[in-house]
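Protein chains in written order, with the working numbering: chain A, 1 to 298; chain B, 1 to 331; chain C, 1 to 305.
These are calculated hints, taken from the structure and not from any lab test.
Model, not experiment: these values are computed from the prediction.
We put the CB at the ideal spot given by N, CA and C, even for glycine.
Incorrect hints may have been included.
[To be verified] One side only, chain B facing chain C, incomplete, derived with CB under 8 Å:
1. Asp87
2. Ala94
3. Ser103
4. Phe319
Listed below, chain by chain, are the residues.
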Amino acid sequence: MTDVTDPLAAEIHGPSPRQLLKARALSHKGLIFGMMVVLLLVLVAILAPVLAPHDPYAQSLMNRMVPPVFMGGTWEHPLGTDHLGRDYLSRLIYGARVSLMIGAIAALISGVIGTAMGVAAGYFGGKVDAVVTFLINVRLAMPVVLVALAVVAILGGSLTVVICVLGLLLWDRFAVVMRASTLQISRRDYVAAAQVIGASTPRILLTEIMPNVFNNLIVIVTLEMAHAILLEAALSFLGLGVQPPTPSWGLMVSEGKNMMLFEPWLVLIPGAVLFVLVLAINLMGDGLRDVTAPEGRS
Amino acid sequence: MTKSLLSVKNLTLDIPTGSGTLHAVRGIDFDLKRGETLSIVGESGSGKSLTSLAVMALLGKSIKRSADEIRFDDVDLLSANKRVMRDLRGNRMAMIFQEPMTSLNPAYTIGDQLMEALLLHRKVSRSEARARAVELLEKVGITAAESRLSQYPHQLSGGLRQRVMIAMSLMCEPDLLIADEPTTALDVTIQAQILRLLVDLTREMNMAMILITHDLGVVARVADKVAVMYAGELVETGPATEVFAAPSHPYTRGLLRCIPQPGKTARGAPLGTIAGIVPSLVGEVTGCAFRTRCPHAKAACREQIPMRGDPSHEFRCVFADGALSEEGEVA
Amino acid sequence: MLTFILKRLGLALLVALTVSFISFSLLFLSGDPAAALAGETASGEDVEALRRLYGFDRPMLVQYAEWLFSALRGDFGESYYFKLPVASLIAERLQVTMTLGLCGILFALVTAVPLGVIAAIRPNSIIDRVALFLSVAGQAMPSFWFGLILIVVFAIQLGWLPPSGAATWRHFIMPTIVLGYYAMPAIMRLTRAGMLDVLNSDFIRTARAKGAGETRVLFKHALRNAIIPVVSLAAVQMGFMLGGSIVVESVFALHGAGYLAWESIARNDLPTVQALILVFSMFYIVFTFLADVLNAWLDPRMRSA
């Protein structure tokens, strides 16, 4: 009937979904920038002992508040020293460890709690859903900063306590998003099909639901990681988070605050690094959302 | 011969996409006189809705419209500015859409939305607009019209909403009504009522109507003229009775075989289908777009094919009318 | 509508009750509140005396019930540090926090809504990009750091504004900007997304087909629908902001309820901390309740339901 060489009859060979995803990811500037910065800071955190020019805890009262190189200092202390004569660059590098560790572990803990609650609520519905929704409401009503501060103050500020408190407080968005996505997925026909052929509930949750809500989960993990890092910095800034002499960026801003009038870089540098890290993680999260759900942002 | 109300010549619509220009509509001509009903028929994606939106200048910003002529009465729509178009829309030319469920603003009452159509174009008081709204709601067969005015769209059924849409489009007594698949989203029983209503109203108000549909059954009952579109092109135009009696383009014949006809279609015989899919219109499109699905396609079909036949009943095919044997089509 | 409000009210009360229990239990998190109160140097007898004085020797639920019923009467006990009734202490400080919260949300709305609307009307324009940049930066900005930078620039370098305190309206400018900027990104994104969504809807096409002008289409038909979720988000953000004002108040030394919370936590003043957590939660609960009611009232589909 029709000959094959006809251009109109030619079958359309489009790129595969995976190729499309890759192409979208590579052309997303925010995602690429965010990933590069995060990767860089993760490397810095891992290689801290190699990269740091000095011991971040070593005080030297002779060398207090040496200005950074670009403000008349020397390469001995590229970013200068703080009020106790500790090398600022080294503290900054070790601070990346604190921020990333707190962000990652807190996001992991809250991710496990929130996902379990959200998926259960979305899949089982009914009473389970009602209870989870109620718990989410209760959690949202608690002022995070205040409760975190109070608990850390009562239990004593240590890295472990801060991580646990944040992990136990930040599961709300996981629960909300996972509940919504699971609800949507579990109405699909292939879930009904799995139920009809008699697949067990854990099997359906693991093989039908989880893979399909995974994209959303990754996005929330990144965003909540950024959230946890910001909160840790705020707690430490208020003096009720990570305790001195641990190098935490929030703590460094707080320590530099008193000398802000004369040595503004003591505040500017750690805050800027914190801002860049959180910005990069957020860009990565937003980028992942755009790439995996292209209909999201026009 | 009376002067036409709407005249469209060589209308072309291009949509730039990531992988090239999509030639959505290519060289459409039609004209319409007062009181006439033109039905544009075609399957999804044939460009029939775009054509009507192009007349109303309601296309999205990314779509490029060009034509030799788009004239409504004495107004040249091709060069008309926004202000002129705004004065015409909803006033002298009105439109109703396929989706009655979402075409009304959920935040305002039926009354507000009906009255707005009149208040935008006529210097009348709110109470006069209100009276007109009640009058038209009654005309489109809505009971308890007065109390409907204070209701919100979500409180009405799909059929009622489409009636409201029709009433709204008639608020200013337009000369031309464009109905874009007005019954597609409705239940079958409601479909017939709405269609009946549209026909009666166009007769009563001496309106011209462009009825866009993919349902040939609808066309047969309503239209004076038919324009069959395939993949962005007109493949056959003519008086409805003639096109139905003697379809000349293989696509039109294919479409007609898809609907059962009393007396002609044997009981239990399978209804016709048209195999294949509509081709992609991205990039250069030459020759007959239907050739990939046409049982009679030959090499000549790749060339540019002009319209042929007599001026009142034209079609775009290399085969002259009647050259096709019926046996050849039983695919 | 009435059923909806009653249901919603019931939920709010239940949440409030649960929150009150959680904030009360905080006291027991440390194990022995009496020992914590007495300090590390106190003798066993002192701790015992404190235990009896504050009634820590009775069952926890009894103490909770007592605390709750007093709290319902507006009595939150006495501050360990200030030796004053907690209720009057908080009431006095709330004024500053409420002012700050209100200014903050107004600042956020006044900047975010127009930006979001323009960004939606002209996607990928300069304004859209600026709006996107502002919202991305705002979400990553540590508010304490932003506050300090504003102080360095506008108070110390330029000398335009007072660096701290709450004496005049000029003292509130920087805190308002910092707190408002915290709420701005979410509001802007929602406005933009909502407008984009609405502008693509069928009823906007209907409005255009009626002959409505662009201004009328945008403001009467589109914004009215897009703004509904923004209103409720703003109320929710307001609830968050009151709780979040603790950081801003400490940066600018604004002696509001957030500052009081910070002081009380640092001083182990548990009755004040408990009361503040409860008060801030109540604000959130009330605001979200009002947001839902407002939302239901603004949206005809929910009003008649």
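Taking the hints in turn, this is what the structure says about them:
Proximity of B/Asp87 to chain C holds as hinted, the smallest CB-CB distance being about 7 Å (cut-off 8 Å). For B/Ala94, the shortest C-beta to C-beta distance to chain C is roughly 7 Å, which falls under 8 Å, so the interface hint holds. Because the smallest distance between the Cβ of B/Ser103 and any Cβ of chain C comes to about 4 Å, under 8 Å, the interface hint for this residue holds. The interface hint given for B/Phe319 is broken, as the beta carbon of that residue sits about 40 Å from the closest beta carbon of chain C, more than 8 Å.
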